[in-house]
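Protein chains in written order, with this note's numbering: chain A, 1 to 360; chain B, 1 to 360; chain C, 1 to 360; chain D, 1 to 360.
Watch out, some of these pointers could steer you wrong.
[Stated by the list, open to error] Distance windows between CB atoms, simulated:
#1 D:T85 with B:G268: 34 to 44 Å
#2 B:G353 with C:R192: 43 to 53 Å
#3 D:D86 with C:N213: 39 to 49 Å
#4 C:G49 with D:E318: 55 to 65 Å
#5 A:Q40 with C:T274: 43 to 53 Å
#6 C:Q40 with B:D35: 36 to 46 Å
#7 D:A91 with A:Q40: 32 to 42 Å
Treat the hints as calculated values from the structure; they're not laboratory data. The C-beta atom is built at its ideal place from N, Cα and C for all residues, glycine as well.
Number of protein chains: 4
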Amino acid sequence: MNTFGFFLKVTTWGESHGKAVGCVIDHFPSGLEVDEDFIQREMERRRPGGKYASKRKEADRVEILSGVFEGLTTGTPISMLIWNTDVDSKAYENLKTVFRPGHADYTYWAKFGIRDWRGGGRASARETAARVAAGAMTKLLLRKYGIKVMGYAKEIAGVECRIGDPEEAFERAERSPLRMPDEKAEREAEKRLKDAMSEGDSVGGVVEVVVKNAPAGLGEPVFGKLDAYLAYAVMGIPAVKGVEIGAGFQAARKRGGENNDPLVIKNGKIAFLTNNAGGVLGGISNGEDIVLRAAIKPTPSISKTQRTVDYERMEEVEISVKGRHDPCIVPRAVPVVEAMVALVIADCMLMQGLIPRRLL
Amino acid sequence: MNTFGFFLKVTTWGESHGKAVGCVIDHFPSGLEVDEDFIQREMERRRPGGKYASKRKEADRVEILSGVFEGLTTGTPISMLIWNTDVDSKAYENLKTVFRPGHADYTYWAKFGIRDWRGGGRASARETAARVAAGAMTKLLLRKYGIKVMGYAKEIAGVECRIGDPEEAFERAERSPLRMPDEKAEREAEKRLKDAMSEGDSVGGVVEVVVKNAPAGLGEPVFGKLDAYLAYAVMGIPAVKGVEIGAGFQAARKRGGENNDPLVIKNGKIAFLTNNAGGVLGGISNGEDIVLRAAIKPTPSISKTQRTVDYERMEEVEISVKGRHDPCIVPRAVPVVEAMVALVIADCMLMQGLIPRRLL
Amino acid sequence: MNTFGFFLKVTTWGESHGKAVGCVIDHFPSGLEVDEDFIQREMERRRPGGKYASKRKEADRVEILSGVFEGLTTGTPISMLIWNTDVDSKAYENLKTVFRPGHADYTYWAKFGIRDWRGGGRASARETAARVAAGAMTKLLLRKYGIKVMGYAKEIAGVECRIGDPEEAFERAERSPLRMPDEKAEREAEKRLKDAMSEGDSVGGVVEVVVKNAPAGLGEPVFGKLDAYLAYAVMGIPAVKGVEIGAGFQAARKRGGENNDPLVIKNGKIAFLTNNAGGVLGGISNGEDIVLRAAIKPTPSISKTQRTVDYERMEEVEISVKGRHDPCIVPRAVPVVEAMVALVIADCMLMQGLIPRRLL
Amino acid sequence: MNTFGFFLKVTTWGESHGKAVGCVIDHFPSGLEVDEDFIQREMERRRPGGKYASKRKEADRVEILSGVFEGLTTGTPISMLIWNTDVDSKAYENLKTVFRPGHADYTYWAKFGIRDWRGGGRASARETAARVAAGAMTKLLLRKYGIKVMGYAKEIAGVECRIGDPEEAFERAERSPLRMPDEKAEREAEKRLKDAMSEGDSVGGVVEVVVKNAPAGLGEPVFGKLDAYLAYAVMGIPAVKGVEIGAGFQAARKRGGENNDPLVIKNGKIAFLTNNAGGVLGGISNGEDIVLRAAIKPTPSISKTQRTVDYERMEEVEISVKGRHDPCIVPRAVPVVEAMVALVIADCMLMQGLIPRRLL
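Kindly generate the complete structure, drawing on both the sequences and the hints.
This is the structure:
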């Protein structure tokens, strides 16, 4: 199940400390001009480094191995590869037989009877580099149709941003170290993050993604509903523990008369006065902004002492997780959530016939 | 996309005011004894009627048309059919050309260019009767493996229940009109619901489902992760606007040291001291209770006056939605969420080889 | 795996002597006018009865339970049901513990550990009634695009027909008892069939299907190639043991210079001078007639004495298979092969965007 | 649709003259010891070079990039890459705007509006190198269960081999230049091939593959039948125009009493006296050898003059196809057919639970 998508499909592969990670995109329309610089810039947004991120040094250069000819997609599978160049497994040597709390160490072992203990193996967030590459290619496609997928940190360490216009929020967040669009909130979040770091601990947050200009009609009820598909896409990202659309969990606390979005006529077309629905009704897009939020748990790798089990000796032990980790993964998660959302939207566009199989 | 499931597959069909609704279950193991009474009791839990539910009178008798021979499943597709017997489309006659706010009327029309306006057509929650039938069959299977899927209303109209042991909570909720396990909370919720009803309005809530005794190792990273699969399953239920696993959105506000569940040795086996993860790590079950919550929006059908659009005349109008509706759908949503969760768990068990293809 | 199709999907269910057989069609475009008489006429072409067919009397009335509203498809799943009305399981009573040679009795038992021994259960060709119903709906759709799917018996009992124009052949075959388009060949085949019948034996043959007016560009290399998809569709029909496209096995005996179809310009458009390719090159349609043939084995149910095994007593026995069987299934197989081919073509048209999701 | 398989899935990517070709295998069991030498030997069997094959020089070294840790599979996706090292596109320069007869040039152009004209692009048989790599990994798995997949040229240029025991035939064929197990037939076929070559022409043939020791119970009726799945797998190989199982097209000419395989008791177990069924009944394996044949058309690339169309000038032209081609592709097709068959068998074993998800 390393393939994502109903019609537009992405297969990812690779381990954190293996030779490389990569993806294969299938059913991608032919005739799209491939802007490799754009793809690289997207990679840059997720790349480790920076004040609050892992110190692993990866160039994250995407090598396109197939499916593109003379700068255009050909409709055949697009294989993209990213070499792992700064692998250092030393910090994991003494964790070979120990399950790190909050990580997939135990569950991979329970499922497969074997695990690549170096850097989290397949369960590492390194895998999401391949998702961002696929997402970047997909954003290029959506851009042709005027569709933008924009994310930012809505909340970090319990501090919530005030958001106005999502495009402005996105632009502002891109210039900020924590990818938060609200400076005041950011200052407070940064303080809390530093506090946590000083104690060898980590913090989490909430990513919000908004899709502008997606047409009405996207989504395939009753089991390929747009919101279900988005939830599937986003909950599958490492560290995500919750997903909500529009008013989300707050909708559960409202009355119908308050939560229903009235329909109106705007510029001769049907529109909605409010957007509690987050752009999705009955699992189909309604033409309004698609809005979702993902809850990101605090990074489980912390140097603070934790209780766990050594399974070879089958005894309880205490560990402190070293290595190069992100004390807060939220800023780097933003482009990953965007990538998954972009894949969903493009797939729905293709299935609905709103993007053709061939652009030439 | 009316088929759900990776290996164990359920296809549902049918409209609210059509002749019938039904489902076909595929890849169901052979040799299971079919307890039709149990199936009928599950249908009963979702059936309309009761103080706070739609007054539509449906016997919801499940007719098994195939896949069962001499009381045992045969491994061939199980076709189940439920006739619609109490159809009354009169209340919808004057809504033919009007989009009800909060409903899928507009989006189906935008997607398909045509819609069955009677009772919400395919978008009606009537479709979930077929899901409950499939879920009941699946619960029979899980029962053989000691796995229980239990749900209740965690919250209604903003009033939250205190939950202790989930099995007790389930039993208690089953005896309560709002399916809430906490009497005090229920009394308050009931008051708020009656208030809303008196104003022709509706309320929402949160359903919690707990899976007991699911083994470690379920879920298929990286795109068929257990939590992603559950989110997909549950977000696709009508009215659901958010899904969270374990600590969910609260995890985003915790520190790593607080959110990580320490591993310990219990009765000679690996276990976890706490369950913030909700039983899922890295997309794979860890042997603890699987815990999820779904946000249910307030029923959009309200008699309160609302603004909307008549698309034939292309003008704004005001409507009051009549018909037989649930002022609070949460209690009836509980068995639907359970059904979807049961399907996911059984599918993962089959894929992992923990349930065989044949029981004989 | 009772669902067929990549995007346009058909799920069938039902056993020979169960209550009913049926199908659910998913992703069928909205807005198609449903001509129920046409569907019934297609059912008629496969229906038992007639000189050389089973004497089982089934009206084979198709009941459409969902997905059609006011005579038009709505884009939601189309559920079709056909009741089994003339079930007589007596002839199978004494075969309960005996595996009929040439049938799936043994293999279903080996796979599932249980089998519905009445009339072949799920393995009965009765299941194909549901395929013909789905195929008929699909032919209605293809008809709108000028595409015709036409079949006939190319060969029966080793006697081969001379075929000229496929449309003429189709028309002629429809008026003949063995569905053979060549009268002389038919007379000889009939003689051989009667010979076989007089000895309690059966015969087989070859069905040819031609698709007219399919555009170039259908098929999804490299694993959803049009020819691979067709082979998959047709080999899965009961009794089919071989499938070939265009020159098929004869191509293997030709030289490249002879087998290659030269490209020419005809009426200002690219066309082919010959059609050894059978309309498919590199797994994609080339705009010429799509031509395939299916080898149909002789009906395994024969009254002639055969050796087999009684698995309860675990000893070798001799049996003579009674019941109502077709001494030659080839004529009735023709509409089944057509149905499967129609599904493939329509699916490829949809995936290529040549048929839209909505016709309104 | 560049992913093959129901549960065990292989995705291939790459063009003939691109940087590389490769594959990703998903749902492969964990804990298998990877014998890289065996994989390389399988690559060798398909590699160009030799008297009757393309002169392209490719080492075809398989690089395993993921999914294997310390010599064992981990259950995560196995990415395999083969660099294209001897690319020479010169011979194709003057064919840029010309469609080679018998090739996919026209159809890719018709489907995608663009084509990589270098060496056939994605439609080149070079793509099958990735299939053989995936097949080799799969054969390693099957070997653990005693299952062997063995192929040879049954027929070349119209000369048919006499085959006795398939294992002997396989061994003999492996030592012969045309991979034919019958020396006398080979001498005659070689003569005919040389004749064709001297005229700048090519020949075709028939590949037969036999699977030994596959257990009864494989295959998923009614749309994932073993024979349908095999036909799908094999018809999708470049140049294949027909597939038959067991007696195949000859079954169509037999009587039921002759074609039915009697069941007997052999060594206390149920077995069949003959094997006209080719090991498959009702779409499920019956425990006998699985036998299939694929018709391979003559190589379309011939230096002999052919008529075709230049689509830029939109006029008819004559061409002679240069480059490095196989005058007879049949010997090199053998390991490709084996690879596809191995994938099908392993997938069915996994789905039936006869191979577990984890071997440790």
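Going through the hints against the structure:
1. Evaluation of the 34 to 44 Å hint for D:T85 and B:G268 yields a failure: the beta carbon distance comes to about 55 Å.
2. Roughly 50 Å separates the CB atoms of B:G353 and C:R192, a value that falls within the hinted 43 to 53 Å.
3. D:D86 and C:N213 have their C-beta atoms about 43 Å apart, which keeps the hinted 39 to 49 Å range intact.
4. At about 57 Å, the CB distance of C:G49 to D:E318 agrees with the hint of 55 to 65 Å.
5. Distance hint for A:Q40 and C:T274: a CB-CB separation of about 50 Å, consistent with the stated range 43 to 53 Å.
6. In this structure the hint that C:Q40 and B:D35 lie 36 to 46 Å apart at CB holds, the actual value being about 38 Å.
7. Separation of D:A91 from A:Q40 is about 34 Å and conforms to the stated range, judged on CB atoms against 32 to 42 Å.
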